[in-house]
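Residue numbers for the sequence shown, in our numbering: -11 to 134.
Among the clues, some could well be false.
Cut-off 30 Å, straight-line C-alpha distance, at most; resulting in silico cross-link-like pairs (DSS-like, lysine-lysine) [said to hold, decoys possible]: (1) K(-2) <-> K78; (2) K41 <-> K27; (3) K41 <-> K97; (4) K78 <-> K27; (5) K78 <-> K41; (6) K41 <-> K(-2); (7) K(-2) <-> K36.
Per label pair, the in silico range of CB-to-CB distance [to be verified]: (8) D98 <-> L(-10): 23 to 31 Å; (9) I2 <-> A25: 31 to 39 Å; (10) K41 <-> I2: 19 to 27 Å; (11) P133 <-> R112: 23 to 31 Å; (12) N48 <-> W(-4): 16 to 24 Å.
Think of the hints as simulated: they come from the structure by calculation, not from any bench. Each residue gets a CB set at the ideal place from its N, CA and C atoms; glycine is no exception.
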Amino acid sequence: MLTSFYPWTKSLHIISVIAWMAGMFYLPRLYVYHCDAPKGSVQSETFKVMEYKLLRFIINPAMIATFIFGTLLLLTPGIVDWSQGWLHAKLTFVLLMGAFHGALSRWRKDFAADRNTRSPRFYRQMNEIPTVLMILIVIMVVVRPF
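Can you build the whole structure from these sequences, using the hints too?
Okay, here's the thing in structure tokens:
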């Protein structure tokens, strides 16, 4: 049964990944700008709302959908060869992306409570992590180097 839905499952997985990555690229950039907003200012409060809504209504659902559709792809008979090293590497990078997602969530809570102690430079550097992980994931899936 999963095999007949494979093209739909794969399409929904790709759409979910795109939405997840869009948020993962944007949220750390919001944190960079939020660092420069004075605590308690209208600008700071606006950033808090933007960060909350981005995480709650776009990034979290997109990650959940990515994991659900990705799991369905893994369970589709005849699709996955578990002896391939690239698959294990890809799944490791996806788990690291999930861990970074968790870090973004924790940092949002710090901003929401006016407890952020990190600099704009820190968030600029962190902004590169999802890009690097995404590049590695795409290379694993498309090139399958091992």
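Checked hints:
1. K(-2) <-> K78: 16 Å, holds
2. K41 <-> K27: 19 Å, holds
3. K41 <-> K97: 13 Å, holds
4. K78 <-> K27: 40 Å, violated
5. K78 <-> K41: Since the Cα atoms of K78 and K41 sit roughly 29 Å apart, the hinted pair holds (cutoff 30 Å).
6. K41 <-> K(-2): The given pair, whose Cα atoms are some 27 Å apart, holds under the 30 Å limit.
7. K(-2) <-> K36: Violated, at roughly 34 Å.
8. D98 <-> L(-10): 23 to 31 Å: Given a distance of about 41 Å, which is not inside 23 to 31 Å, the answer is violated.
9. I2 <-> A25: 31 to 39 Å: Since the Cβ atoms of I2 and A25 sit about 35 Å apart, the hinted range of 31 to 39 Å holds.
10. K41 <-> I2: 19 to 27 Å: 24 Å, holds
11. P133 <-> R112: 23 to 31 Å: 30 Å, holds
12. N48 <-> W(-4): 16 to 24 Å: Once the Cβ atoms are compared, 23 Å apart, the range 16 to 24 Å for W(-4) and N48 holds.
In summary, the structure is inconsistent with hints 4, 7 and 8 from the numbered list given earlier, while agreeing with the others.
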